[in-house]
Amino acid sequence: MAELRITINGASYKALDGMTILDVCRREGIHIPTLCNHPDLQTRGICRICVVDVKGSKTLQAACSTPVEAGMVISTTTDRVRKSRKTIVELLLANHYTDCTVCPKNLNCELQSLANEFGLTDLRWKERRERTIPQDDSSPVFIRDNNKCVLCQRCVRACDEMQGVYAVANLFKGDSMIVGSAFNKPIGEVVCINCGQCVAHCPTGALSEKYCIEDIWKAIDDPKKVVVVQTAPAIRAALGEEFGYPAGTRVTGKMASALRTMGFDYVFDTQFAADLTIMEEGYELLGRLRSALTGGEAPALPMTTSCSPGWIKFQEHFFPELLPNVSTCKSPQQMFGAVVKSFWAGKMGIDPENIVCVSVMPCTAKKFESIRPEMARNGRPDVDYVLTTRELAVMIKQAGIDLHDMKNSTFDNPLGESTGAATIFAASGGVMEAALRTAYEVVTGREVPFKNLDISPVRGMDGVREASIKINGAQKDWSFLEGVELKVLVAHGTANAKKVMNAVREGTMAAHFIEIMTCPGGCLGGGGQPLPGTPEIRLARAKAIYEEDADSPLRKSHENPSVKKLYEDFLGAPNSHLAHELLHTHYTARGQY
Amino acid sequence: MLRETLLRKLDHLIEFHGKARESVLPVLQDLQATYGYLGEETINEVARTFGISQTEVFSVASFYHFLNTKEKGKYVIRICRTISCELRDKANILRALESELGIRMGETTHDKKYSLDYANCMGMCDRGPSMMVNDDLYADLTPSKAVDIVLSYR
Ligand code: SF4
Ligand code: SF4
Ligand code: SF4
Ligand code: FES
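Chains as they are written, first to last, in this note's numbering: chain A, 160 to 752; chain B, 13 to 166.
Check before you lean on any hint, since a few could be wrong.
[What the hints assert, rightly or not] DSS-like, lysine-lysine: derived pairs with alpha carbons at most 30 Å apart:
1) K332(A) x K86(B)
2) K383(A) x K245(A)
3) K332(A) x K82(B)
4) K383(A) x K566(A)
5) K506(A) x K124(B)
6) K369(A) x K344(A)
7) K31(B) x K332(A)
8) K658(A) x K635(A)
9) K82(B) x K384(A)
10) K344(A) x K658(A)
11) K125(B) x K344(A)
12) K21(B) x K332(A)
13) K86(B) x K383(A)
14) K344(A) x K157(B)
15) K658(A) x K125(B)
Hints listed in this document are in silico derivations from the structure and should not be mistaken for laboratory results.
Could you put together the complete structure from these sequences and hints?
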């Protein structure tokens, strides 16, 4: 790329051909307000809030979508720039149902920040917009309030570009334009995978997750109920952001204390169940390989992971004929619930009817997963309520707790014990890495041949990553794997998953085992995580996750003492009859049209 | 509408226009010409044929004024919505027609006889307000004149 020079506000800067004015300004710390632009999404240049003066052009130019040219002279502070930006905010507000004090995005809203940035103290267009469009609460996980929509299309692009679903689009035109779904049907009646990436990319309160906060306070206040909480690995690396910690700060110990202070009776860890998942899923994979390689009944290969519920629903809609390829393992959240209400209830002598199992997830799709009929036993759901990371932050604040004041504490046992292999479930590639650490050792009796157990080829942020491990020195039981090159593939974002599954459908996929995460970067970029979520923030969270793994005394799921004991005392062996009954599930072919 | 006929028609159109995403619009135009509107079934089959989402197809269909996503009446009344007709009291014409026909802008009467719709400029700005009933153009309207004209279509 050719280097060129441009002038911004009188100073000269280097730029590369292909950069936009916004790219250069961001790099140089020159503030340009943006609204429709988002680093995860393709640039559309819709809102015009980012306008700048470019010498020689009659009209103001949108910084986000104007490429730099050699010798360009740009001004970001002229009267004209200031006035038109301000007018845009005023126009947006004129058509906005503004009720900030009771809005889920209060103090975390890009429109509100813009109003603040321009110091608006009055509305030029006096008539206040009412809530003229009914809210759409048909989704099991989120609410759309089009009275607060600024038509920036960030949700539309997230759903199409990142997830390959295209559940929402601009409908109609002119002043009737709204964001909605085919035939203007409620979102609950069209194909939607509940991933919440639209929610996470919406700059305003037009999209927000459905809260279950009050139900949980009620359970905590009910003396008859034993309220158990589990937190997913991705929470500890992100919750701090809601309290002003820099992205990538680990708050595991403070979070455990906060949960206890809030009144949860037992503070457990989803990571326990993640280790358990690795045992079940690892043996399932080895079982499928055994029948494939020893000429048994032809199993569905490649096997794909099953812990990301957005991906599960995606597969049910878009590739129903490939559902046999999906591991039958429940996700860690659901395995956890199933163990709490069976083994743990028995051990503690508590009637499972009185246990309320709450989980804290980085994810909106987990809310839907918990209410799937197949995720219940005797009509009793494994998991009763699912909070997003953002909702947990609200609850902590409601309880008058500042996370900074909390001392570090640990999870309760036995369901709070875990290994570093479980921590990395939060990052794309982590489930694969954890599975390989265990499966390789089960087969060969030796550790995976990677320095410090870090399987770096499966780490990173590329949309699709491939790796392979050659199995040498397989032990007697596993001799059919001797010399086999185990091929694995990792993808995140269901738009990437679609490409991968198309290859599986066409029979051109070489991998044996595929990890799919619905959200960018894996769970740490989930639809329920603190806002904003950008590539840099996700990298910081990932770094924290891998550090927590590196610091863990145990880093292989099969070494988790409490998981071992669970097998000894209760389940028998991985994939045993009881394990199948409690920890495995089936899926529903749903189709697309 | 018979599904087989629709599918045959679609096959035909795909052969002609191709299956790239940008062919959705011409295919919709042709289907509209055949069926008069693009209903749920039609949009679903177009989406399936192109392998894209119904929402994407519906978004395109609902964007263009010349594409209908709802079945229209025998007579489509289009009222000019441009600024010059607006200044010449278009609003009263619309109000008179709405109350005479008992429908709102964008709707169709129960007997499927009349639909009310907007149109962009008809080139009659000097003689507004103006409207079209199917292909016939009327200008210099008053509310009662507009009602009489419309009722003369039976
Ligand atoms: S979306 Fe933003 S500006 Fe609108 S009410 Fe909510 S917080 Fe206020
Ligand atoms: S939840 Fe996911 S699939 Fe559903 S509309 Fe939002 S982005 Fe699209
Ligand atoms: S719902 Fe949110 S993200 Fe979608 S267009 Fe409206 S404001 Fe933008
Ligand atoms: S941010 Fe540039 S046009 Fe919206």
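Just pull the numbers of the violated hints for me, sorted ascending. Per hint list: 2, 5, 8, 9, 13, 14, 15 violated.
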